[in-house]
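Construct the entire structure; sequences and hints are all you get.
First to last, the sequence lines map onto chains E and D.
For what it's worth, this note's numbering labels the leading residue of the first sequence as 1, then goes sequentially.
For what it's worth, this note's numbering labels the leading residue of the second sequence as 1, then goes sequentially.
None of these hints come from the bench; they were simulated from the model.
Positions of the beta carbon are idealized from the N, C-alpha and C atoms, including for glycine.
A few of these clues could be false.
Under the rule of at most 16 Å between Cα atoms (straight-line distance), these lysine to aspartate or glutamate pairs were calculated in the EDC-like manner [stated by the list, open to error]: (1) Lys176(D) <-> Asp124(D); (2) Lys210(D) <-> Asp227(D); (3) Lys75(D) <-> Asp155(D); (4) Lys244(E) <-> Glu257(E); (5) Lys71(D) <-> Asp295(E); (6) Lys244(E) <-> Asp227(D); (7) Lys75(D) <-> Asp186(D); (8) Lys71(D) <-> Glu257(E); (9) Lys255(E) <-> Asp245(E); (10) Lys176(D) <-> Asp204(D); (11) Lys75(D) <-> Asp112(D); (12) Lys105(D) <-> Glu257(E).
Example chain E residues on the side facing chain D (calculated, C-beta under 8 Å, incomplete) [stated by the list, open to error]: (13) Arg23; (14) Asn58; (15) Asn59; (16) Leu242.
Going by beta-carbon spacing under 7 Å, a handful of chain E positions derived as facing chain D [unchecked claim]: (17) Ser65; (18) Gly67; (19) Arg103; (20) Trp233; (21) Val239; (22) Gly251.
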Amino acid sequence: MLKTAQDAPAQRGTQQTPQQSRRSGPLTGRRHRRVYALVTAVLILISLGSTAGILFYNNPMPVGSDGWWLIAGMRRDSLLTIAVVALCHAMATIAFQTAVNNRIITPGIMGFGSLYTAIQTGFVYLFGITGVVMLVGVPQFFLQMAVMMLLATGLYTWLLSGKFSNIHIMLLVGVVLGGTLGSLSTFMQRMLTPSEFDVLTARLFGNLSNARAEYLPYAIPIALAVAVVLWLWAPKLNVIALGKDNATNLGLNHKREVIKILLLVSILVSLATALVGPMMFLGFLTAALAYQFGDTYSHRHLFPLGFLCGYAVLSASYFVLRHVWDAGGAVTVIVELVGGLVFLFFLLRKGRL
Amino acid sequence: MISLTDVSKAYSSSVSIGPVSVDIDAGGITALVGPNGAGKSTILTMIGRLLSLDSGRIEVAGHDVVNTPSKAIAKIISVLRQENHFVTRLTVRQLVSFGRFPYSKGRLTLGDEKYISEAIDFLDLTDLEDRYLDQLSGGQRQRAYVAMVLAQNTDYVLLDEPLNNLDMQHAVAMMKQLRRAADELDRTVVIVLHDINFAAHYSDRILAMKDGQVVEHGTPAEIMRDDVLTRVFNTDVQVVPGPNGPLAVYY
Ligand SMILES: Nc1ncnc2c1ncn2[C@@H]1O[C@H](COP(=O)(O)OP(=O)(O)OP(=O)(O)O)[C@@H](O)[C@H]1O
Ligand SMILES: [Mg+2]
Chain E
1 MLKTAQDAPA QRGTQQTPQQ SRRSGPLTGR RHRRVYALVT AVLILISLGS
51 TAGILFYNNP MPVGSDGWWL IAGMRRDSLL TIAVVALCHA MATIAFQTAV
101 NNRIITPGIM GFGSLYTAIQ TGFVYLFGIT GVVMLVGVPQ FFLQMAVMML
151 LATGLYTWLL SGKFSNIHIM LLVGVVLGGT LGSLSTFMQR MLTPSEFDVL
201 TARLFGNLSN ARAEYLPYAI PIALAVAVVL WLWAPKLNVI ALGKDNATNL
251 GLNHKREVIK ILLLVSILVS LATALVGPMM FLGFLTAALA YQFGDTYSHR
301 HLFPLGFLCG YAVLSASYFV LRHVWDAGGA VTVIVELVGG LVFLFFLLRK
351 GRL
Chain D
1 MISLTDVSKA YSSSVSIGPV SVDIDAGGIT ALVGPNGAGK STILTMIGRL
51 LSLDSGRIEV AGHDVVNTPS KAIAKIISVL RQENHFVTRL TVRQLVSFGR
101 FPYSKGRLTL GDEKYISEAI DFLDLTDLED RYLDQLSGGQ RQRAYVAMVL
151 AQNTDYVLLD EPLNNLDMQH AVAMMKQLRR AADELDRTVV IVLHDINFAA
201 HYSDRILAMK DGQVVEHGTP AEIMRDDVLT RVFNTDVQVV PGPNGPLAVY
251 Y
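Below, the structure is given as structure tokens:
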């Protein structure tokens, strides 16, 4: 007892001097900061490169002519779509994984894809080929988004506020729901004529050219607004990532915050899905890369990294596949393939959810 | 003061804790002891509002822990659970800095940094502060968690088995540090302990639980008796005089 009392002033004395240099922060030191800056720079370079490539490469019109600008403008819309999709999936996945305190499961696994498929198939089934056309348009875009949001929000809040507040049950319900909607779609697809089926399949894969330019003026502000809110909530997200008990101990109403976050997540995912179709693993891929490269708890560092990863991956593969190999439709397929493989790799390496 | 009135929690039809009514005085260290499954963690986490009550009422320093906004409680009570696991990779200093969240809301001031440094030094982690938690031994990690709770600078500190994984030296050091926190900083510390001798030597009061009920509450002198300890722990216990007070011998 006496000894500790003697220790006290000595300890306090030593604290004074190194105090200035002892700071806490999301990046742990010079090395960490350098790595972060380097990764960001490389991602920005890739993004800029493929952006320039998509905009200007192989434009058949003479430079500066009206036709040239027209084509460049259309390509700009593709780029904006890529940016919105990357932003939505990256931020939604990082925020979702923080909210549910698990870095394997993603919002995309929760039945979004199957719901999209069911809506599309239902329309073709009911109205024939015109059904596909009926789903194109701004009001329909919002309608699809709203239906998906309703599903997601209902699912999340019901599962989190009831007595089943349990990730595994939520996941199970998501998978079962996905399976049910999936077989419903398969059933309806059986009854389609081959030509209807053809038109439908083209819509069912996530496809960047599904997005129509007239959606963008609505999609961009919504995505940006949600992104800004998540950005402002970043300090809270950092705490929520410590888990329910620690977050509560530090003064957050955990359940309310989680529901708020999941609400925003469902807006982002529904938006991206209504825009280009379902993408299950893009979010996982970008989030995993962000954690890997960023190696920090700070969401203000993770979000930009995730977005840049998503944009770089999507735009680079779009450029290569569409402009070099002339297979633009395959972009999302390839990205999903890679994302799915990364997902499997992580799951097997970690051995649990 | 922490006061519990008819507090109960039913996990299932067969397992229920309480009803417990007890007042824990402000100031000093209160040790919560009892056999496994007695309900120590349950009571502690309910006081720290990490677990909801099924009935009853808990007040800490006059604040009802259920109805007072969590934000306000976070400046009065800090609580550390028995098990901790983080999905994010954190360094010791980053973890401890989260203890300042109730005040800083994520923007650390120089004052916050001072509390963080002090808590780290207090637990002898100065040289390890830039290490990641997954690069620490179990005991070092345990001390980092306690440092986070101390950085929160609350009047009431609730700790569930903080001596887990600690070696002899660090267990003693931790208890001395908590003693200092109680004596010099006027903190009220409620701590779950398994070693009754530690509890007897370092705490001011001992609260013994068994089968979901508080069965004894008193000073170490009142609890350190053959019959009382034998009854609480379902084991033959003999109390013998030791160099620094009574010692319970149970093996
Ligand atoms: N989440 C839970 N669901 C169901 N039963 C639980 C739960 N948590 C605890 N229990 C039960 O409640 C009783 C009290 O548990 P508690 O964790 O409070 O004991 P404890 O005194 O802290 O024990 P230990 O010394 O082992 O930590 C035990 O019988 C336990 O099985
Ligand atoms: Mg316990």
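These are the hints, each one checked on the structure:
For the hint pairing Lys176(D) with Asp124(D), the CA-to-CA distance comes to about 12 Å; that is within 16 Å, so the pair holds. Straight-line distance between C-alpha atoms of Lys210(D) and Asp227(D) comes to about 15 Å, which keeps the hinted pair within the 16 Å bound. Proximity of Lys75(D) to Asp155(D) is assessed by CA-CA distance (about 8 Å); at most 16 Å being required, the pair is judged to hold. Between Lys244(E) and Glu257(E), the direct Cα distance comes to roughly 10 Å. Compliance with the 16 Å bound is thereby established for this hinted pair.
The hinted pair formed by Lys71(D) and Asp295(E) fails the criterion: a straight-line CA distance of about 29 Å is larger than 16 Å. The straight-line distance between the Cα atoms of Lys244(E) and Asp227(D) is roughly 41 Å, outside the 16 Å bound, and the hint therefore fails. A distance of roughly 15 Å separates the Cα atoms of Lys75(D) and Asp186(D); the hinted pair therefore holds under the 16 Å criterion. Between Lys71(D) and Glu257(E) the CA atoms are separated by roughly 13 Å; this keeps the pair inside 16 Å, and the hint holds.
With a CA separation close to 11 Å, the supplied pair Lys255(E) and Asp245(E) stays within the 16 Å bound. Distance hint between Lys176(D) and Asp204(D) is fulfilled; the C-alpha atoms sit about 13 Å from each other, no more than 16 Å. For the given pair, Lys75(D) sits about 14 Å from Asp112(D) by alpha-carbon distance, which is consistent with the 16 Å threshold. Restraint check for Lys105(D) and Glu257(E): satisfied, since their Cα atoms lie roughly 14 Å apart, inside the 16 Å limit.
Of the supplied interface hints, the one on Arg23(E) holds, with its beta-carbon coming within about 6 Å of a beta-carbon of chain D, less than 8 Å. With its C-beta approaching chain D no nearer than about 44 Å, Asn58(E) sits outside the 8 Å limit, and its interface hint is violated. The criterion of a C-beta within 8 Å of any C-beta in chain D is not met by Asn59(E), whose closest approach is roughly 45 Å, and the hint is violated. For Leu242(E), the interface hint holds, the least distance from its beta-carbon to any beta-carbon of chain D being 6 Å, beneath 8 Å.
Using the Cβ-Cβ criterion of 7 Å, the hint placing Ser65(E) at the interface with chain D is not satisfied: the shortest such distance is roughly 52 Å. The restraint placing Gly67(E) at the interface with chain D is violated, with a minimum CB-CB distance near 51 Å, outside the 7 Å limit. The beta carbon of Arg103(E) comes within 6 Å of a beta carbon in chain D, closer than 7 Å, and the hint placing it at the interface holds. Interface restraint check for Trp233(E): the shortest CB-CB distance to chain D comes to about 10 Å, outside 7 Å, so the restraint is violated.
Contact between Val239(E) and chain D, as hinted, is supported at the beta carbon level, the nearest pair being about 6 Å apart and thus within 7 Å. Using the Cβ-Cβ criterion of 7 Å, the hint placing Gly251(E) at the interface with chain D is satisfied: the shortest such distance is roughly 3 Å.
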